[in-house]
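The listed protein sequences correspond, in order, to chains W and R.
Those letters in the first sequence? Residues 1 to 158, by our numbering.
Those letters in the second sequence? Residues 159 to 288, by our numbering.
Just so you know, the hints here were simulated from the structure itself, not pulled from any lab data.
Every residue, glycine too, gets a C-beta built ideally from N, C-alpha and C.
Any given hint could turn out to be false.
Restraint ranges, calculated between C-beta atoms of paired labels, are given here [as the list claims (entries may be wrong)]:
no.	chain 1	residue 1	chain 2	residue 2	range
1	R	A173	W	K47	45 to 53 Å
2	W	K47	R	V166	49 to 57 Å
3	R	L239	W	E98	25 to 33 Å
4	W	E120	R	S177	38 to 46 Å
5	W	V32	R	G267	43 to 51 Å
6	W	V136	R	T231	46 to 54 Å
7	W	G24	R	S195	41 to 49 Å
8	R	A173	W	Y65	23 to 31 Å
9	W	P100	R	F243	15 to 23 Å
10	W	G147	R	T231	41 to 49 Å
11	R	S195	W	I27	41 to 49 Å
Covered stretches of chain W (in silico footprint by chain R; criterion: 3 or more residues with CB under 8 Å from a CB of chain R, positions within the stretch not fixed) [said to hold, decoys possible]:
no.	region
12	12-19
13	72-78
14	115-129
If you want the building blocks of each chain, they are given just below.
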Amino acid sequence: MLPYPLLSASLVIMWLALNGFTLGHLILGCIVAVFASWGMASLRPAKPRLRKWYLLPKLVGIVLYDIVRSNVAVASIILGGHRRQFKSGFITVPLDVESPMALAVLAVVVTSTPGTAWLEYNSLNRTVLIHVLDLVDEAEWQTLIKGRYEALLMEIFE
Amino acid sequence: MNIMDHAVDLPVWAALLVSFFLVVGSGLTLIGTIGFSRLPSFYERIHAPTLGTSWGTGGIVMASMIFFTVLATRPVIHEILIGIFVTVTTPVTLMLLARAALHRDRAEGNPDVLAEVSPDEPKRGPALGE
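With the hints as constraints, model all of the structure from the sequences given.
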């Protein structure tokens, strides 16, 4: 009946928080949660394993700081006027992470940091194609993504 | 309607904080849209709106959270959910658009893209053929 109890519970809580705590919404929320978890089960997602969950706040902190920093950098590039001193380009980064969950989190991190866009992951040779708005040194970006995010993600998920 | 009546009760420090985050958030979103219209190539343009989806949203959400927390009119869970969903769904649309553009550029043999991407093309070819 409930293949994902945690998912169903959080859906009910979210439904009640958004719509108000009434009996009607409790019943409606439960129906939605049951059907949503059936839908999720038919997708057969891999069970994510959190190995070192206590490192998650560290990752969130690093990412929030980097997002602020790159917001400023991209905003100054856009407002920099017609003199274009930046050069954008593609980089390929070889990745060691394999867990789909960790890859998804890495994609969210890279994308939500302005200035870098995760374009496509090649699962055959395990590389990711990233477009960088202000590409100064390709190796610098590779070490940033591998050292700063990937290492931490591997510790958390694999 | 009655939001403006409530705003009178807002203490000065909270009003300043709310305005600060609102101006930062909407300012970043505006800069993002300016960049969206001004940057020259497609792949450069996809970077600009991420200003709006990261701290643009973040600032506005933060302002809204402070406003309604100080006035204690309702729980602030809406804003947290908005923030999470905007962050999690942005990569999906971005990847759809970017991969469509990549596919078109590769099919057309666009030199800008192929020159950079070609190093992994030979490896991809035989692997796909197997």
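These are the hints, each one checked on the structure:
Roughly 47 Å separates the CB atoms of A173 of chain R and K47 of chain W, a value that falls within the hinted 45 to 53 Å. Checked against the given bound of 49 to 57 Å, the beta carbons of K47 of chain W and V166 of chain R, roughly 52 Å apart, stay inside it. For L239 of chain R paired with E98 of chain W, a C-beta distance near 30 Å keeps the hint of 25 to 33 Å intact. Evaluation of the 38 to 46 Å hint for E120 of chain W and S177 of chain R yields a pass: the beta carbon distance comes to about 41 Å.
For V32 of chain W and G267 of chain R, the Cβ-Cβ distance of about 48 Å falls inside the hinted range of 43 to 51 Å, so the restraint holds. Here the CB-CB span from V136 of chain W to T231 of chain R is close to 48 Å, well matched to the stated 46 to 54 Å. Distance hint check: the CB atoms of G24 of chain W and S195 of chain R are about 46 Å apart, consistent with the given range 41 to 49 Å. Between A173 of chain R and Y65 of chain W the beta carbon distance is about 27 Å. The supplied range of 23 to 31 Å therefore holds.
For P100 of chain W paired with F243 of chain R, a C-beta distance near 20 Å keeps the hint of 15 to 23 Å intact. For G147 of chain W and T231 of chain R, the Cβ-Cβ distance of about 45 Å falls inside the hinted range of 41 to 49 Å, so the restraint holds. Checked against the hint of 41 to 49 Å, the pair S195 of chain R and I27 of chain W passes, with Cβ atoms roughly 48 Å apart. As drawn, the region 12-19 of chain W meets chain R at 3 residues by the rule of a beta-carbon pair under 8 Å; at three or more, the given contact holds.
Counting residues of the region 72-78 of chain W whose C-beta lies closer than 8 Å to any C-beta of chain R gives 4; at least three are required, and the coverage claim holds. Counting residues of the region 115-129 of chain W whose CB falls under 8 Å from any CB of chain R gives 11; the rule of at least 3 is met.
When each numbered hint is compared with the structure, no violation occurs for any of them.
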